[in-house]
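Novice: So you can see what is in the structure, the chains are spelled out below.
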Amino acid sequence: MKFAVLVFPGSNCDIDMLKAVEDTIQQPVDYVWHTATDLSEYDAILVPGGFSYGDYLRCGAIAQLAPVMNEVRKAAEQGKFVLGVCNGFQILTEAGLLPGALIRNNSLKFRCHPVELKVENANTAFTNAYEEGEVVTIPIAHGEGNFYCDDETLAKLKANNQIVFRYNGDNPNGSVAGIAGICNERGNVVGMMPHPERAVSELLGSTGGARMFASVLNAFASQAKAGAANGAGAR
Amino acid sequence: MKATVYVTIKENVLDPQGNAVQGSLQTLGFSEVSKVRIGKYLELQLDTNDRAQAEERVKAMCEKLLANTVVEDYRFELEG
Chain V
2 MKFAVLVFPG
12 SNCDIDMLKA
22 VEDTIQQPVD
32 YVWHTATDLS
42 EYDAILVPGG
52 FSYGDYLRCG
62 AIAQLAPVMN
72 EVRKAAEQGK
82 FVLGVCNGFQ
92 ILTEAGLLPG
102 ALIRNNSLKF
112 RCHPVELKVE
122 NANTAFTNAY
132 EEGEVVTIPI
142 AHGEGNFYCD
152 DETLAKLKAN
162 NQIVFRYNGD
172 NPNGSVAGIA
182 GICNERGNVV
192 GMMPHPERAV
202 SELLGSTGGA
212 RMFASVLNAF
222 ASQAKAGAAN
232 GAGAR
Chain B
2 MKATVYVTIK
12 ENVLDPQGNA
22 VQGSLQTLGF
32 SEVSKVRIGK
42 YLELQLDTND
52 RAQAEERVKA
62 MCEKLLANTV
72 VEDYRFELEG
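Top line first, the protein sequences correspond to chains V and B. Each residue of the first sequence is one higher than the one before, counting from 2 in this note's numbering. Each residue of the second sequence is one higher than the one before, counting from 2 in this note's numbering.
Looking at chain B on its own, in the form it has when it is part of the complex (with noise of 0.2 Å):
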């Protein structure tokens, strides 16, 4: 089974390096992006095909590691 996780930064926490990029998009004549989020993108390949118990350990691994839930959110797909 394959996790797909998307880690990203909380809405009410700045992020310098999106607001970069939204410069840069904007300088290059993309005037239309309004706002530029940069998260993290993750592929896990789990060795189960129980989804019910990889769903709680993907959340525990998301809790524990993968996400730092002060200043990220997180949310995963499982597929397989």
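Next comes chain V alone, as it looks inside the complex (with noise of 0.2 Å):
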């Protein structure tokens, strides 16, 4: 399974990103800057975090314009799976990846610390390695993670599970119903303002969300099955 790591001028845990890979399944992994204009090789996208363009205008306001995020759109219509964490969550509601959009906090304040989070959807190709109620600790590093969606927004996320992940307990910025990741209706797009990359070793204080790499290793060899299943029907 080969990923990207998309990076954007500002991008500033695209290290860790590739690293959080390596790490925990050990698969090939690329760094495939902004310009790029063909994701082809790829199975899995992931859109680290940063102050993409400065945050300029808005979090993800121009780097949903790269070039690379029409690759991005095409991939995710293909059913390769996409991650965006944190500046990389921004970029993907605002390129209309995922719905609803990030605000300043309600604090004010930038807010860096471990959470704990409750896995409200372990049904997603990024979570089907938790248990669904399962709490785990993620660090967040963010001054614009407060999820706004307007009510019927909310409720289709509600109808169709979309919402993956919840803040467990004290909301560190606002979100909507505590909101801290959501995917698409097809689940192969998650998005995510806590940093599962920060947690996949005890030395970085939590291996919380190595099971997220994992659980993208085992939607791939699942696909990839279901794949040959279907064409050896065809034949």
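There may be inaccurate statements among the hints.
In silico DSS-like cross-links for lysine-lysine, where the CA-CA straight-line distance does not exceed 25 Å [as the list claims (entries may be wrong)]:
(1) K36/B to K11/B
(2) K75/V to K3/V
(3) K226/V to K3/V
(4) K11/B to K65/B
(5) K11/B to K157/V
(6) K226/V to K75/V
(7) K159/V to K119/V
(8) K119/V to K157/V
(9) K157/V to K75/V
(10) K110/V to K36/B
(11) K60/B to K41/B
(12) K41/B to K110/V
(13) K41/B to K11/B
(14) K3/B to K65/B
(15) K65/B to K157/V
(16) K65/B to K41/B
(17) K159/V to K11/B
(18) K20/V to K3/V
(19) K75/V to K65/B
(20) K60/B to K11/B
(21) K110/V to K11/B
The hints are simulated quantities; they were obtained by calculation from the structure and are not laboratory data.
Once you've looked at the hints, go ahead and assemble the two chains, each given alone in its own frame, into the complex.
Specialist: Given below as structure tokens:
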């Protein structure tokens, strides 16, 4: 399974993301610059955190127009796996790949500390190695992670089981319904404010994020298996 | 032609920055300030004299980039 870690001017969690893939699941992974126009060789696309384009205009607003984002849209349509973390989540919402928007934390503070997350949906490509209702510790680091969507969108998120993670206990940013991460209807695109790539070793304070990488490897394996079965059926 | 674009946070969306500024104004004794909303002001110089076309294109700019209509409203004025 081959991973791409997108790099925009101002990304700063790209190295952590790449190392997390190498350390947790030992799969090939490349940095891919924002000007790339072909992602066909990759099975999963990871959009890391940071301050792409200096957060000019709005977080993720300029990055969503980078050439590579058209390829991310194509990959998502093809059912490839896409994960946006922190600024990556902001970029995916701005790009319309995920609903809602991320606005200023209600405290106005940049919050940088571990949080407890409750796994609400353990059926997505990135959470299948967790138990539903399980609580994991993963750090956050953001000033604009306050997830907002209107009531209609929230009802849809709930009905389709698109809420992936909620903050357990204290809500650090004022997000609607305590939402920390969501997915698209198909479950192959996930966005979250907490940083799983910073929680892959006890040395980092937690291993709570490691199974997200194991999950996507599982998802890829079952996709390949289903593909092979379908192929055999067609013949 | 010049376009002046105002991007504001939707009425039903929390504006923590505006709330903080309101608090500070009250601290300064401006107790009559019951609400503050903070937005963005953009000036665009357009190389066109076609008002109808400018109207249509600035609207598209707002929808596609200048405002995030999930959380923001926009309005604009054209002059010249």
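Novice: Determine for every hint whether it applies to the structure shown.
Specialist: Structure-based check of each hint:
1. K36/B to K11/B: Measuring from Cα to Cα gives roughly 14 Å; hence the hint holds.
2. K75/V to K3/V: holds (16 Å)
3. K226/V to K3/V: Holds, at about 17 Å.
4. K11/B to K65/B: Answer holds: K11/B to K65/B is near 17 Å, not above 25 Å.
5. K11/B to K157/V: Cα-Cα ~21 Å, so holds.
6. K226/V to K75/V: Holds - the C-alpha atoms of K75/V and K226/V are around 22 Å apart, at most 25 Å.
7. K159/V to K119/V: Status holds; Cα separation ~15 Å.
8. K119/V to K157/V: Between K119/V and K157/V the Cα gap is close to 20 Å, so the pair holds against 25 Å.
9. K157/V to K75/V: holds (24 Å)
10. K110/V to K36/B: holds (21 Å)
11. K60/B to K41/B: Holds: K60/B and K41/B sit about 16 Å apart, inside 25 Å.
12. K41/B to K110/V: holds (21 Å)
13. K41/B to K11/B: holds (12 Å)
14. K3/B to K65/B: holds (19 Å)
15. K65/B to K157/V: holds (24 Å)
16. K65/B to K41/B: Given pair K65/B, K41/B holds - Cα atoms ~16 Å apart, limit 25 Å.
17. K159/V to K11/B: holds (23 Å)
18. K20/V to K3/V: OK: K20/V and K3/V at ~14 Å, within 25 Å.
19. K75/V to K65/B: Given that 25 Å is the threshold and the Cα spacing comes to 19 Å, the pair holds.
20. K60/B to K11/B: holds (17 Å)
21. K110/V to K11/B: holds (21 Å)
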